[in-house]
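S.K.: From just these sequences and the hints, can you work out the full model?
If you read the sequences in order, they're chains A and B. Number 128 in the working numbering belongs to position 128 of the first sequence; there are no gaps in the numbering. Number 21 in the working numbering belongs to position 21 of the second sequence; there are no gaps in the numbering.
Hints were generated in silico from the structure; no laboratory data involved. Among the hints, a few may not be true.
[Claimed, not checked] According to the in silico footprint, chain B covers these stretches of chain A (three or more CB under 8 Å from chain B):
{"#": "1", "region": "89 to 103"}
{"#": "2", "region": "126 to 133"}
[What the hints assert, rightly or not] Listed below are several chain A residues computed to face chain B (Cβ distance under 8 Å; list not exhaustive):
{"#": "3", "residue": "Gly42"}
{"#": "4", "residue": "Ser60"}
{"#": "5", "residue": "Asp64"}
{"#": "6", "residue": "Met65"}
{"#": "7", "residue": "Lys68"}
{"#": "8", "residue": "Tyr120"}
{"#": "9", "residue": "Val122"}
{"#": "10", "residue": "Trp145"}
{"#": "11", "residue": "Lys146"}
{"#": "12", "residue": "Glu147"}
{"#": "13", "residue": "Asn148"}
[What the hints assert, rightly or not] Computed cross-link-like contacts, BS3-like style, restricted to lysine-lysine with a CA-CA straight-line distance of at most 30 Å:
{"#": "14", "chain 1": "B", "residue 1": "Lys50", "chain 2": "A", "residue 2": "Lys68"}
{"#": "15", "chain 1": "A", "residue 1": "Lys126", "chain 2": "A", "residue 2": "Lys48"}
{"#": "16", "chain 1": "B", "residue 1": "Lys56", "chain 2": "A", "residue 2": "Lys9"}
{"#": "17", "chain 1": "A", "residue 1": "Lys49", "chain 2": "B", "residue 2": "Lys47"}
{"#": "18", "chain 1": "B", "residue 1": "Lys50", "chain 2": "A", "residue 2": "Lys8"}
{"#": "19", "chain 1": "B", "residue 1": "Lys47", "chain 2": "A", "residue 2": "Lys126"}
{"#": "20", "chain 1": "A", "residue 1": "Lys9", "chain 2": "B", "residue 2": "Lys48"}
{"#": "21", "chain 1": "B", "residue 1": "Lys48", "chain 2": "A", "residue 2": "Lys68"}
{"#": "22", "chain 1": "A", "residue 1": "Lys68", "chain 2": "B", "residue 2": "Lys47"}
{"#": "23", "chain 1": "A", "residue 1": "Lys9", "chain 2": "B", "residue 2": "Lys50"}
{"#": "24", "chain 1": "A", "residue 1": "Lys49", "chain 2": "A", "residue 2": "Lys126"}
{"#": "25", "chain 1": "A", "residue 1": "Lys31", "chain 2": "A", "residue 2": "Lys68"}
{"#": "26", "chain 1": "A", "residue 1": "Lys48", "chain 2": "B", "residue 2": "Lys50"}
{"#": "27", "chain 1": "B", "residue 1": "Lys50", "chain 2": "A", "residue 2": "Lys126"}
{"#": "28", "chain 1": "A", "residue 1": "Lys8", "chain 2": "B", "residue 2": "Lys56"}
{"#": "29", "chain 1": "B", "residue 1": "Lys50", "chain 2": "A", "residue 2": "Lys134"}
{"#": "30", "chain 1": "A", "residue 1": "Lys49", "chain 2": "B", "residue 2": "Lys56"}
{"#": "31", "chain 1": "A", "residue 1": "Lys9", "chain 2": "A", "residue 2": "Lys68"}
{"#": "32", "chain 1": "A", "residue 1": "Lys8", "chain 2": "A", "residue 2": "Lys134"}
{"#": "33", "chain 1": "A", "residue 1": "Lys126", "chain 2": "B", "residue 2": "Lys56"}
{"#": "34", "chain 1": "A", "residue 1": "Lys68", "chain 2": "B", "residue 2": "Lys56"}
{"#": "35", "chain 1": "B", "residue 1": "Lys56", "chain 2": "A", "residue 2": "Lys48"}
{"#": "36", "chain 1": "B", "residue 1": "Lys56", "chain 2": "A", "residue 2": "Lys134"}
Here the structure is a predicted model, which is why all the values come from computation and not from measurement. Think of the CB as a built atom: it goes at the ideal place given N, C-alpha and C, for glycine as much as any other residue.
Listed here are the chains, written in short residue letters.
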Amino acid sequence: MEKEHKHKKVFVQGPISPDFVAKSIAGHQSKTEIGAHAIFLGQIRADKKADGIVTGIEYSAYEDMAEKAFQEIREAAFARFELICMHIYHSLGVVPTGEISLFVFVSSPHRRAAFEASEYIVEEIKANVPIFGKELVGEGGEYVWKENN
Amino acid sequence: MSIQVMYYGMLAEIAGQANEVWIADQNLTVGEFRNQIMERYPAMREKKFKIAVDQKISQDYVSIDHASEIALLPPFAGG
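M.R.: Here it is in structure tokens:
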């Protein structure tokens, strides 16, 4: 069984389109050892803040360190779970509310590994990857720096 | 020695710049560097941040001699 451990670029400018997600799924039809995909999509929520409603998040990152952190997460997930392949994409720049900023896609022979790996990867990204976000509020250029819990 | 210091997120706003060259004494540790930073930018005292030395988050006792870049990282917000 061949596993993809190679380094891959994670960051994309702006939102991740549903069309891109669909094409990624279609790209796996030839990998017939896969029995289960798990997909996590992070979507920008219109939270209410003191100065108005969130209209989007503007992401930035310490890109070199972040790419390394993503690679470490990939390696750890491959070591821990029975996975055939794994794809992670995260937005930089502005992502409006209702659009997708994170796409985690893991494939395994069986569902349990796929479920568990996707949760593990998302939690690791939130805790350990140097990505920063401004929550854009209202129409007047206000913003609040976002902080993961 | 001189070190490239990079500021991210709200810390870049406080510093008024994304990076600067820091002239430092030999044998500087992360903890001493943190104190110097907060002296230069008092508003950072109120902020939570981690310090990465050559892209690795480092504790206060770590020496930053021979480091090529130091980054000040506010709370992460990915996802």
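S.K.: Tell me, which hint numbers fail for this structure?
M.R.: When the structure is compared with the hints, numbers 8, 30, 35 turn out to be violated.
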